[in-house]
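Asks: As given, the protein sequences belong to chains W and U, one line each in that order. Going letter by letter, the first sequence gives residues 1 to 333 in our numbering. Going letter by letter, the second sequence gives residues 1 to 333 in our numbering.
Keep in mind the hints are simulated off the structure, nothing from the lab. Certain hints may be false.
A pair counts as met if it fits within one copy or between any two copies, since identical chains are not told apart.
Distance condition first, Cα-Cα at most 27 Å in a straight line; then the derived BS3-like pairs of lysine-lysine [as the list claims (entries may be wrong)]:
#	residue 1	residue 2
1	179	200
2	179	279
3	2	200
4	321	140
5	279	168
6	168	250
7	241	2
8	250	200
9	279	2
10	321	200
11	140	46
12	314	200
13	200	168
14	46	200
15	230	200
16	321	230
17	46	279
18	46	2
2 protein chains.
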Amino acid sequence: MKKLINSIDTIVDEACEGLAAAHPDLVRFNREPRYVARAGGPVTAKVALVSGGGAGHEPLHGGFVGAGMLDAACPGEVFTSPVPDQMEAAGRATSANAGVLFIVKNYTGDVMNFELAAELLQADGIEVRSVLVEDDVAVKDSTWTAGRRGVGATVFVEKIAGAAAERKGSLADVERIAKKVADNGRSMGMALTSCTVPAKGSPTFELGEGDMEIGVGIHGEPGRERMALKSAAEIVELIAKPTIEDLPLKRGDTVIAMTNGMGGTPLIELYIAHNTLAKMLSGLGITVAYALVGNYITSLDMQGFSVSLLRADKELLDLWKAPVHAPALRWGV
Amino acid sequence: MKKLINSIDTIVDEACEGLAAAHPDLVRFNREPRYVARAGGPVTAKVALVSGGGAGHEPLHGGFVGAGMLDAACPGEVFTSPVPDQMEAAGRATSANAGVLFIVKNYTGDVMNFELAAELLQADGIEVRSVLVEDDVAVKDSTWTAGRRGVGATVFVEKIAGAAAERKGSLADVERIAKKVADNGRSMGMALTSCTVPAKGSPTFELGEGDMEIGVGIHGEPGRERMALKSAAEIVELIAKPTIEDLPLKRGDTVIAMTNGMGGTPLIELYIAHNTLAKMLSGLGITVAYALVGNYITSLDMQGFSVSLLRADKELLDLWKAPVHAPALRWGV
């Protein structure tokens with residue numbers, strides 16, 4: 001295993017510290033319990049958006065803390081759910097008496113621990129709602145998931161709910177919008193190589209030299225099928241088609257599209273993949289209003305990519321366009 | 001070799017097409033001769049900034065085409081210099097009768113081909129100046145370079161000269177500023193793994209399972225030393241110290257710092273590296289005014305990173321802060 005680390009035990013703390021060091025104007029790092037929050041403290045009368053999950057998916061979630069997006073992110077150890085103390089402390093630190101919205105990816109540990117944190121906050125009179133992201137169409141039930149896994153649509157939920165909160169929408173309104181995004185977002189991924197979890201030191205799964213895994217999860221959970229490597233265009237077809245059909249998207253729809261790298265994939269290859277995706281959607285009469293191409297929700301050093309599509313009406317598009325200023329997403333400011 | 005491609009011959013064209021498909025508001029792709037240019041055409045009375053070089057370093061240079069940065073980028077094949085026709089056509093297409101500035105990384109082929117393109121344009125009455133970036137302190141003379149290699153400081157030159165051109169500075173003024181940035185920027189990199197050039201199909205160099213290469217070039221050119229893998233903090237020391245000493249930076253200086261991934265490095269590791277860099281600079285009494293952490297100038301799928309530092313006075317900091325809207329760098333708009 002070759003990794004740029006100092007010690008397996010301090011990976012997440014040091015990465016959070018580095019994030020805050022790079023963006024002191026945007027985020028601050030609270031070591032114990034561990035969370036990353038907006039540098040400026042709670043924003044008056046604004047719903048506080050808190051997310052989190054296992055580390056190893058950077059820039060998710062810490063890179064999305066900032067104006068117009070998250071108020072706090074709670075990273076667990078690599079691929080390990082954060083504990084309730086973290087979300088409780090983050091909720092308390094960012095609450096501005098307008099309620100707290102938890103954005104939770106559908107993994108059993110995350111779901112349980114966010115629920116416990118919500119109970120702790122509510123016992124103290126802080127109103128908490130939660131939205132579950134379960135957008136991965138590849139498989140139903142997985143290593144750590146009952147139902148569908150939460151993956152790329154999380155980026156859409158955090159951006160758009162973040163904009164809704166920033167304009168001082170009520171907790172009910174921000175929750176409604178977050179759920180609308182979660183309901184209209186779908187994703188599927190693939191891997192050319194496994195990731196290597198530092199604490200384990202060896203690849204999570206084995207893939208033959210000429211093979212790939214279609215429908216892989218962001219922790220290396222098994223996908224739909226293992227098969228011989230195909231062309232980029234064929235691979236895009238294999239993961240985009242089920243994503244489109246699941247929604248389903250139809251002629252005349254407008255989407256926000258993300259071609260997301262898993263961490264070890266060169267950008268030149270992501271642009272090749274996106275090129276096919278754009279042509280495919282255009283051929284189906286589907287308009288791409290905005291596109292993201294790059295590393296947004298990763299799986300450590302895995303080579304591979306995922307496609308996420310959000311069916312977006314005017315309300316969602318307007319919120320998408322609204323200013324955002326986070327370490328990993330910035331426009332309009 | 002596992003890559004998301006359709007055919008080795010079409011990699012660069014398809015990636016450029018994908019870039020333009022993702023950002024039709026920002027860039028357009030000209031296939032023959034190949035360049036990527038701003039979508040809107042020449043900007044009245046503005047110096048046109050044109051860069052280029054071998055592909056495989058994405059987002060450099062195409063991802064930096066846009067308002068406040070480059071007017072055009074000319075990618076060659078992977079790790080291969082573009083031909084003069086490309087820079088000539090790009091210069092012609094973006095010239096707004098205020099002159100053209102070429103930003104050239106110091107590789108023999110690039111230098112020669114940009115020179116030829118400049119002669120062709122000048123013969124047609126278009127004024128052309130060139131700025132050479134040669135910031136890699138690792139080695140003097142390299143596989144394709146006489147003198148120092150041009151690497152990460154190129155991002156600083158393109159951003160800051162881009163801002164100078166955007167405010168309608170004269171060609172002489174934009175050239176002066178670009179040279180000032182090139183003179184005050186230094187970099188050094190390292191590799192945990194080799195990159196694999198698609199046309200070759202096997203790693204450019206071999207590195208033992210427990211080894212790393214200090215001072216590697218962005219095409220996998222040999223560095224200063226091959227040694228056993230060390231901790232992230234020790235590695236940062238090994239590449240940042242020569243960078244700092246070469247300028248040299250002194251107590252009280254202000255820098256823009258970039259912790260840049262080589263393409264296959266997870267962001268969590270880059271933040272760990274940046275954390276050490278930030279502490280090291282702070283300990284030396286050097287202020288980091290702005291930081292970039294991520295993939296800005298890559299080497300295909302190589303795992304590793306580089307550090308780039310720009311000593312910046314008020315003029316350079318103000319230009320850095322100015323709005324930019326390119327696929328891979330955006331703020332203020």
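Asks: Hint by hint, say whether it matches the structure.
Replies: Each hint tested on the structure:
1. 179 <-> 200: neither (36 Å within a copy, 48 Å between copies)
2. 179 <-> 279: neither (29 Å within a copy, 41 Å between copies)
3. 2 <-> 200: both (12 Å within a copy, 24 Å between copies)
4. 321 <-> 140: neither (32 Å within a copy, 47 Å between copies)
5. 279 <-> 168: Neither. Shortest intra-copy (38 Å) and inter-copy (37 Å) distances fail the 27 Å Cα cut-off.
6. 168 <-> 250: Result: close neither inside a copy nor across copies, 33 Å intra and 46 Å inter.
7. 241 <-> 2: For residue 241 and residue 2, only the inter-copy Cα distance (22 Å) is at most 27 Å; the intra-copy one is 35 Å.
8. 250 <-> 200: neither (44 Å within a copy, 42 Å between copies)
9. 279 <-> 2: between (38 Å within a copy, 23 Å between copies)
10. 321 <-> 200: This pair counts as neither: shortest intra-copy Cα distance 41 Å, inter-copy 42 Å.
11. 140 <-> 46: neither (36 Å within a copy, 55 Å between copies)
12. 314 <-> 200: neither (46 Å within a copy, 48 Å between copies)
13. 200 <-> 168: For residue 200 and residue 168, neither the intra-copy (44 Å) nor the inter-copy (55 Å) Cα distance is at most 27 Å.
14. 46 <-> 200: Close neither inside one copy (41 Å) nor across copies (55 Å); limit 27 Å.
15. 230 <-> 200: between (30 Å within a copy, 19 Å between copies)
16. 321 <-> 230: neither (36 Å within a copy, 44 Å between copies)
17. 46 <-> 279: For residue 46 and residue 279, the Cα distance exceeds 27 Å both inside one copy (40 Å) and across copies (34 Å).
18. 46 <-> 2: Close neither inside one copy (43 Å) nor across copies (47 Å); limit 27 Å.
Checked against the numbered hints given earlier, this structure breaks hints 1, 2, 4, 5, 6, 8, 10, 11, 12, 13, 14, 16, 17 and 18; the rest are met.
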